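> Protein chains in written order, with full-length UniProt numbering: chain A, 1 to 351; chain B, 1 to 351; chain C, 1 to 351; chain D, 1 to 351.
Derived from the structure by calculation, the hints contain no laboratory data.
Owing to the predicted nature of the structure, the values given are computational and were not obtained by experimental measurement.
Mixed in with the good hints there might be a few duds.
One copy or any two copies: either way a pair holds, since identical chains are not told apart in the list.
Said to hold, decoys possible - DSSO-like mimics (lysine-lysine), calculated; alpha carbons at most 30 Å apart, straight line:
| # | residue 1 | residue 2 |
| --- | --- | --- |
| 1 | Lys274 | Lys56 |
| 2 | Lys140 | Lys25 |
| 3 | Lys25 | Lys3 |
| 4 | Lys164 | Lys105 |
| 5 | Lys56 | Lys25 |
| 6 | Lys225 | Lys265 |
| 7 | Lys92 | Lys339 |
| 8 | Lys265 | Lys164 |
| 9 | Lys283 | Lys56 |
| 10 | Lys283 | Lys112 |
Number of protein chains: 4
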Amino acid sequence: MIKAGVIGATGYAGAELVRILMNHKEVEIKWYGSRSYVEQPYADIYRNMFEIVDAKCMDDNMEELAEQVDVIFTATPQGFLAGVLNESILSKTKIVDLSADFRIKDVATYEKWYKIEHKSPQFIEEAVYGLCEVNRDLVKKARLVANPGCYTTCSILTAYPLVKEGLIDADTLIIDAKSGTSGAGRGAKTQNLFCEVNENMKAYGVATHRHTPEIEEQLGYAAGKQILINFTPHLVPMNRGILATEYATLKKKADGSLPTYDEVKAAYDKYYAKEKFVRVLPKGVCPETKWVEGSNYVDVNFVIDERTGRIVMMGALDNLVKGAAGQAVQNMNLMFGFKETEGLEMVPMFP
Amino acid sequence: MIKAGVIGATGYAGAELVRILMNHKEVEIKWYGSRSYVEQPYADIYRNMFEIVDAKCMDDNMEELAEQVDVIFTATPQGFLAGVLNESILSKTKIVDLSADFRIKDVATYEKWYKIEHKSPQFIEEAVYGLCEVNRDLVKKARLVANPGCYTTCSILTAYPLVKEGLIDADTLIIDAKSGTSGAGRGAKTQNLFCEVNENMKAYGVATHRHTPEIEEQLGYAAGKQILINFTPHLVPMNRGILATEYATLKKKADGSLPTYDEVKAAYDKYYAKEKFVRVLPKGVCPETKWVEGSNYVDVNFVIDERTGRIVMMGALDNLVKGAAGQAVQNMNLMFGFKETEGLEMVPMFP
Amino acid sequence: MIKAGVIGATGYAGAELVRILMNHKEVEIKWYGSRSYVEQPYADIYRNMFEIVDAKCMDDNMEELAEQVDVIFTATPQGFLAGVLNESILSKTKIVDLSADFRIKDVATYEKWYKIEHKSPQFIEEAVYGLCEVNRDLVKKARLVANPGCYTTCSILTAYPLVKEGLIDADTLIIDAKSGTSGAGRGAKTQNLFCEVNENMKAYGVATHRHTPEIEEQLGYAAGKQILINFTPHLVPMNRGILATEYATLKKKADGSLPTYDEVKAAYDKYYAKEKFVRVLPKGVCPETKWVEGSNYVDVNFVIDERTGRIVMMGALDNLVKGAAGQAVQNMNLMFGFKETEGLEMVPMFP
Amino acid sequence: MIKAGVIGATGYAGAELVRILMNHKEVEIKWYGSRSYVEQPYADIYRNMFEIVDAKCMDDNMEELAEQVDVIFTATPQGFLAGVLNESILSKTKIVDLSADFRIKDVATYEKWYKIEHKSPQFIEEAVYGLCEVNRDLVKKARLVANPGCYTTCSILTAYPLVKEGLIDADTLIIDAKSGTSGAGRGAKTQNLFCEVNENMKAYGVATHRHTPEIEEQLGYAAGKQILINFTPHLVPMNRGILATEYATLKKKADGSLPTYDEVKAAYDKYYAKEKFVRVLPKGVCPETKWVEGSNYVDVNFVIDERTGRIVMMGALDNLVKGAAGQAVQNMNLMFGFKETEGLEMVPMFP
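Okay, chain A solo, but in the shape it has when bound (with noise of 0.2 Å):
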């Protein structure tokens, strides 16, 4: 039994590794942190969590916290572990971290797309890109961990294997995606009530999302070359899900024809195939939120389109499990060398 902290427990994302761990066998969570809503209960602020989590709200002090627990997970806001995090710390406890400082190899590239300073750039090159299914073996070795984007581990994950074996050209690679609204957070914006959103429907940050860079560097890994592409979000009226819609141009093959499904399908199963999270689904049946809802799965699936020669590829997640919380807890069982999927068996919830 290992002992997490939680810094910014209070926000979505914080409240869905609650709600995880609160199943796994093997962590017990000894800190609730929250600046917003010190000493009080933490299940005055999620009332599902009554007479379940019986602990108080704490500040968000690393150091303290460092003493105390083997592992933090921060979902907090940009910048805030770029900005308190040292060697001390470092070494007394591992951290996986949910906001997107230590995503990204290019400092400039940070900042340019954040907007912000990073305070600490030493410890970039350590951190460990937390994406389990592709970076699975580096993860268990790690001390510090950069959990991916929600939209990110869409996006990626539903083309990963066609970028990596070359069967589409990775620069004419267009994702559109949607999100439900947790995505959003849990802060009081006129845009994110219900009023606004309800019945309604509309792409945000088009050209200028920030989870933009992190798709090119990891998908440009892929590649074996630095690529660029189009990322369009939108808001859904709904509490969770992503889906992303991709497309891309097949590439031909020697005698000009276009790969064939069986082609495409063996590209996808050679690295999902033994993956417990990632389901490909039946030819022809496309991917839907509601499928994986609450639990930790991505469902894919592509069409090719032979009149266009593009390919249309689809995914689909529930962004505060597989696109944050459950992918963190995922990265922590590696970490520790748990069974990578304890804590993670939730079926999905429909309807």
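Given chain A, put chains B, C and D in place with the hints provided.
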């Protein structure tokens, strides 16, 4: 490890049973009965079960099923179980019936409200009404459990302590209940289409809903007399959740005053303080369906209105869990001597 | 063509006023008051008004505004109008107040429920309670109309004929009301975020909601005596719509029997047969909020429960139209001698 | 005052026609055709029309109907109008067909995508594609107008100026469209049940949706050549609204640079500045479906992505209004010489 069969496994309640039993350590599902989908892979009907459930749907042959399993869950239309049940079946297997067939002790009452003939009245007396918190000891010894209705479970548990303790005049009880749409089942009816339910709210079955006599019978036992109540169900644009708002006149004490908050709270605590799945919320906190979603909890609370001398009681549960499949598993746990909470420790999912 | 000013034009009720007045032949809006957005183009706040409303938001200077317009609508927080009203203003312009400042005749009652001091008690007597169907003749002559609350309009109109005709015992009245979330206003509060409201339902303000004394006062006039009722509001995951489900004990006739359907129906028809905006639905049809969405209609109906001797009354309206802005325009039409339905003939939008 | 008949008046598009025509000064509906509900009062099917529409549903006898009215709207399944149309009918009445029967000029293309035989190819050439903003002059003279599809209207109008002006490479066009559920019609299908759609999102008909060739044909005319595009529709948990997000590669200018914002904006303004129903939003403002709900507006805008050399175009409309019934009325207005905006000046409803 016992073996279970589910008849009606492709309805919403049946599918929820499957979801819950997947994470139950003592049970293995051997039979996914679904007359409409015989021979089709179960995961083709419920895609959330892809790579989780590998079985095909089977028919609803109770005779054959009884040979193979230790317990049968019937999540079937009214009249099905009463139409096929016999001593041979019951001698081989235990049954938890999620339909209304054996909930009502008086055949005439059943036939009047359900407008069908009861084909197996000989088993009515034996059947135990499976409201675990009230009938725990009887359930433990039962072969045949009548699992309570969703509205009923919520309505009864919300008022039970006050009726039992005589704090309210049971004949003044008015139950205004609101349900998510999964309670209407998965049948393809125009009235349950997204566009008809979304952004809409209505009462239905006013003064004629079939859960009325079930509530009256059970609360009548608690009151020690026959009672008549008003029960009005409403359809709400959400998938899951029942909220019951209940009104009753408080009985005045000998000195003519109303019972105090503490006195009423003590009545709730008397019956629920030790109950894992019933949470009496802190003073002033109203139950919300979202706080129990996906879990087996019922949250209850109350407000005394000094001006009118009435009490307003409120209860919330997930209609597919504590209102159906979760309670069915809780009953099974009692019937087989498992830990009562086994498979039911899901933390409510929020948001 | 008269000139109108709207104070609070960027709240939901104010914006609905703007929407309705855009299609009103006799009115031109000259002043879009919004303290929070002074000098910003109105269509920047409400993008639906792009290329429709060209004006900028102005402040809430009632003195100045009174010089310029024939009528002022105040869709403002409690206390605003009472804080600034004076005879000079009222001598220059008519006012329809959508706040509660002048709805309640007894200052002490107002101050008790609203917990603020009333700054202009001298205008309370003059103010006409603008429930058009009840007070039409008084409204026609009024300078100052107190536009009824959304819950109140629905609650009163649903029960009014039966109270007025003495068919029910008014003290047994219990009103269980459900509202869409626009009723909570556009303020950025965590509790009104999409993720908190969606897939959720709750009661709030139990026994303490401010519309209670307003209902009691108005139905008390109809009953010819002071009455006390229970009123419980609920928040529903939809944008618009209020559904009131009301319970009362029917008075028995001289022979001890209950009033018949026809007798009750006759009471409704007596008051509503000629009312354009109140629709008494056919027997057996329950009101649904979606059937009145976007329109000024109130749909009402009832079911007699012979078993309990109670009647269940139901009413549905759009809280922003008949529950706020529509009724305000209806009042203005009466005050200025326009056709009562002018600008209000919107057909309900379905789905 | 002309007389109109609506065939398919009880589908969602038909009902929206009825809603709009109720407030149209020049038209009276004489025939509410609905094969499924013949002889039933129309207001029994659409309760929002209670006390507004007094008529009963009639059959779909076009011959008889043509004798009685000046214009027929056919909001019918594919193949209906082509199956019954003849010169006799067309000589007596004008027709606005909301189905796809006469939208596509090439019969083979129609039969390939719709998988039914076209029974009246002789009228295809005469039929005018009723995209008012593009074909206004032809519509004015037409007897038979093929009203565009909902996805199609949104998709075409969003990209039209750039295709027409040659600013983008039309063959790179990728349209990712999202629709509310009313687009799926009122048929009682499991997949359209509230619980299946709510809290869910999916793509469907990937690479095979029938609106694809319609978009390709019309944008091909604008491009002056045949084009092939990708079109992916998605189902969103809302009643109304289509959002199209469209991607294309910008053609570089002679100096190798990309077109500027102002140059692209000028292209949009060239075609839409005088169009009442197409609103080009201010720079940086993304269209949202809620801002056009209930109205005949299409909101469009764009973002140039300098990094990838692509443009992201966005368009939003109400699928039942500008995407169906509103545009049908706009076409009728043109055909009969009424004011083009008559009956269509509804202000979008928010929230």
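> Going through the earlier hints one by one, which of them does the structure break, listed in rising order?
none
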